[in-house]
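> Respectively, the protein sequence lines represent chains A and B.
Per my numbering, residue 1 is the first one in the first sequence, and the count goes up by one each step.
Per my numbering, residue 1 is the first one in the second sequence, and the count goes up by one each step.
Bear in mind the hints are in silico, worked out from the structure with no lab data behind them.
You can take every hint at face value.
Derived BS3-like pairs (lysine-lysine); straight-line CA-CA distance at most 25 Å: (1) A:Lys430 with B:Lys101; (2) A:Lys336 with A:Lys357; (3) A:Lys430 with B:Lys109.
Take a look, some chain A residues computed to stay more than 10 Å from chain B by CB distance: (4) Arg21; (5) Thr102; (6) Ala109; (7) Val114; (8) Pro124; (9) Ala163; (10) Ala304; (11) Lys321; (12) Glu361; (13) Lys428; (14) Leu431; (15) Pro433.
Quick reminder that beta carbons are idealized off the backbone N, C-alpha and C, glycines included.
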Amino acid sequence: MSMPAVAERQSAYAAAFDAFRREPAFGPEWLRLAREEALQRFLGRGFPTTRDEEWRFTNVAPIAETSFGRAASAAPDRRAIEPFLFSGMGAQVVLVNGRVSTALSSLDALPKGVRIEQLADVAPDVRLLLTMDGQPDAFGDLNRAFLEDAVAISVAPGVVVDAPVHVAAIAVADDRAQMIFPRVIVRVGEGAQATLVESYGSLGDSETLTSPVVSVVVGPNAVLHHVKLQRESAKAFHVARLDARLSRAGTFHTTAITLGGRIVRNDITASLEGEGGECTLNGLYVADGETLTDTHTTIDHAKAHCPSHEVYKGILGGRAKAIFNGKIIVRQDAQKTNAKQTNKALLLSDDAQINTKPQLEIFADDVKCTHGAAIGQLDEDAMFYMRARGISEADARNLMIHAFAAEVLDGVKVDVVRDRALRLMEEKLKLVPSA
Amino acid sequence: MLLEIKDLRVKAEGKEILKGLSLSVGMGQVHAIMGPNGSGKSTLARALSGHPGYEVTSGDVRYDGQDLLAMAPEERACAGVFMAFQYPVEIPGVNNSYFLKAALNAKRKSKGQPELDAVEFMQLIKQRAKLLEMDQAMLSRSVNEGFSGGEKKRNEIFQMAVLEPRLAILDETDSGLDIDAMKIVANGVNALRAKDRAMVVVTHYQRLLNYIVPDVVHVLTDGRIVRTGGKELALELEEKGYGWLESAPAGARA
Numbered sequence: 001m002s003m004p005a006v007a008e009r010q011s012a013y014a015a016a017f018d019a020f021r022r023e024p025a026f027g028p029e030w031l032r033l034a035r036e037e038a039l040q041r042f043l044g045r046g047f048p049t050t051r052d053e054e055w056r057f058t059n060v061a062p063i064a065e066t067s068f069g070r071a072a073s074a075a076p077d078r079r080a081i082e083p084f085l086f087s088g089m090g091a092q093v094v095l096v097n098g099r100v101s102t103a104l105s106s107l108d109a110l111p112k113g114v115r116i117e118q119l120a121d122v123a124p125d126v127r128l129l130l131t132m133d134g135q136p137d138a139f140g141d142l143n144r145a146f147l148e149d150a151v152a153i154s155v156a157p158g159v160v161v162d163a164p165v166h167v168a169a170i171a172v173a174d175d176r177a178q179m180i181f182p183r184v185i186v187r188v189g190e191g192a193q194a195t196l197v198e199s200y201g202s203l204g205d206s207e208t209l210t211s212p213v214v215s216v217v218v219g220p221n222a223v224l225h226h227v228k229l230q231r232e233s234a235k236a237f238h239v240a241r242l243d244a245r246l247s248r249a250g251t252f253h254t255t256a257i258t259l260g261g262r263i264v265r266n267d268i269t270a271s272l273e274g275e276g277g278e279c280t281l282n283g284l285y286v287a288d289g290e291t292l293t294d295t296h297t298t299i300d301h302a303k304a305h306c307p308s309h310e311v312y313k314g315i316l317g318g319r320a321k322a323i324f325n326g327k328i329i330v331r332q333d334a335q336k337t338n339a340k341q342t343n344k345a346l347l348l349s350d351d352a353q354i355n356t357k358p359q360l361e362i363f364a365d366d367v368k369c370t371h372g373a374a375i376g377q378l379d380e381d382a383m384f385y386m387r388a389r390g391i392s393e394a395d396a397r398n399l400m401i402h403a404f405a406a407e408v409l410d411g412v413k414v415d416v417v418r419d420r421a422l423r424l425m426e427e428k429l430k431l432v433p434s435a
Numbered sequence: 001m002l003l004e005i006k007d008l009r010v011k012a013e014g015k016e017i018l019k020g021l022s023l024s025v026g027m028g029q030v031h032a033i034m035g036p037n038g039s040g041k042s043t044l045a046r047a048l049s050g051h052p053g054y055e056v057t058s059g060d061v062r063y064d065g066q067d068l069l070a071m072a073p074e075e076r077a078c079a080g081v082f083m084a085f086q087y088p089v090e091i092p093g094v095n096n097s098y099f100l101k102a103a104l105n106a107k108r109k110s111k112g113q114p115e116l117d118a119v120e121f122m123q124l125i126k127q128r129a130k131l132l133e134m135d136q137a138m139l140s141r142s143v144n145e146g147f148s149g150g151e152k153k154r155n156e157i158f159q160m161a162v163l164e165p166r167l168a169i170l171d172e173t174d175s176g177l178d179i180d181a182m183k184i185v186a187n188g189v190n191a192l193r194a195k196d197r198a199m200v201v202v203t204h205y206q207r208l209l210n211y212i213v214p215d216v217v218h219v220l221t222d223g224r225i226v227r228t229g230g231k232e233l234a235l236e237l238e239e240k241g242y243g244w245l246e247s248a249p250a251g252a253r254a
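Use the sequences and the hints to build the structure in full.
Put into structure tokens, the structure is as follows:
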């Protein structure tokens with residue numbers, strides 16, 4: 001891509017931002033400066049390239065070369081979005097093209113102790129998260145500059161919430177390429193327990209860039225169980241960031257299920273900022289065709305006595321390419337850390353490929369860190385063993401793939417989400433449904 | 001004859017292992033196939049089960065009148081051929097009883113029988129598990145995963161007890177078993193001897209045949225059956241070793 005083309009595209013983002021600035025959605029005064037700064041940073045450095053270490057294997061040129069405009073408001077009818085919703089949720093927040101749809105959301109009967117706010121009415125401490133958090137990359141900057149709304153979920157201290165809260169982000173197809181920036185903040189108060197389901201789907205298939213940023217704050221002794229189900233169209237780009245911070249003895253369990261999109265990148269960071277915190281970062285990605293699925297995780301052990309667990313599994317067919325980069329940082333104070341990381345990939349075709357890399361940075365001396373990667377085709381000995389017992393080749397393959405995925409899917413405690421993920425996986429891989 | 005093998009030649013990894021083997025097994029009989037290491041015993045067992053690593057270059061195998069070699073491994077299994085593996089495979093994540101139910105129902109389906117429901121199936125496997133003195137907990141574990149050598153072999157015979165084959169081929173089921181485990185396996189096999197079932201017991205050692213007494217013993221060396229006799233042949237082999245047979249005429253085809 002030539003420099004003038006880059007400059008032109010970036011000025012298109014600048015022009016879109018100028019237009020956005022004049023709209024009410026540009027938002028409250030406190031956010032404006034942060035938006036301006038984020039845009040300037042983005043214009044200054046542009047999209048990452050494969051020369052950036054964190055993007056070495058993920059070429060986002062197809063994103064950089066597309067002229068995305070702000071997604072239009074859309075009002076799909078309830079029936080159309082029904083396949084993206086779940087039963088048994090305590091609350092469902094539906095974001096359509098990045099904007100909360102009051103008509104489609106179910107927020108009237110919030111579980112006791114749960115508060116859900118939108119951008120216009122967030123509490124002052126949430127504002128800080130929206131304007132100050134971390135060091136965003138290009139996509140994080142675009143999110144901050146262009147976010148149309150935000151969803152802030154707070155769980156009061158000591159409250160145990162049984163029914164999950166679901167945030168569903170739906171991209172409605174358009175004849176233009178659209179960019180969508182969901183922004184979600186979840187705070188679980190001291191001693192509280194909650195479950196968050198985060199999902200992404202497409203209505204129709206047109207080029208979209210969905211680039212969500214999710215901030216999770218787990219209070220002392222609090223528990224958050226989180227599932228992300230990403231199932232956008234084959235034309236979708238999805239570049240997501242999730243940052244979780246855990247206080248003393250906090251627990252964060254997340255499962256990222258990735259089932260669709262042309263380029264899908266997940267950056268997931270869990271920071272163990274208090275002693276005795278525990279995090280589990282699991283994921284299952286299923287891809288085929290000419291797609292790219294990239295997962296970068298970071299587990300930052302800042303304090304002592306924190307276990308972390310990580311199991312990522314990929315099922316790749318066609319010419320699908322995947323990247324897994326699992327960074328584990330153990331800081332000097334983080335003695336008695338116990339970190340375990342596993343990445344396994346099942347390659348169903350000769351042209352599928354994966355790059356997997358554990359990245360351990362250990363500065364403490366009394367720690368236990370293990371990592372392992374296994375990449376392979378379906379085990380031929382196991383296939384023959386099953387066939388020799390009368391099970392057909394198709395059924396044997398089916399059983400093996402189910403068994404491979406089960407280790408991750410079984411960790412999802414929300415039955416309706418796990419079952420949906422399983423069905424979607426079966427559809428995608430043309431498997432026989434499990435009993 | 002339930003099984004008739006004529007002039008079977010089989011290659012593995014490009015090398016000819018079976019060099020014109022002929023053998024007939026009648027219904028209700030137990031045949032033992034003995035032979036030194038590398039003689040082709042396991043190759044025979046695997047070729048009969050349809051293992052893709054073994055290439056049949058010529059010969060004919062009739063199972064109950066059907067062309068066995070033309071059948072896929074799963075078709076052979078559904079038709080009643082069962083091989084107890086020398087090295088049972090571990091399948092992480094696939095539950096033992098789920099696996100067995102899939103196998104049993106595949107077989108029933110191929111015969112046009114209705115699938116067993118969960119209750120009927122559990123009754124069946126509990127009863128058969130008792131026969132092999134199997135710990136019930138093994139049923140809910142992944143297939144062979146983390147099983148000891150003895151548990152794996154016992155699991156093979158347990159599967160045989162559930163699937164009720166017409167022709168069972170036991171590929172060195174005794175290897176790696178201590179005497180107690182071997183007795184349990186042998187008791188299981190003996191309990192499954194029946195008029196409407198034949199067994200081919202492949203073994204290197206005579207020891208197993210003290211417990212599973214065969215009707216016919218064949219000696220396999222260098223890819224051919226070189227001697228066929230009664231159960232006393234096994235004892236003779238135990239005493240004299242295989243050496244004295246190497247030069248014997250290959251005229252003892254059953």
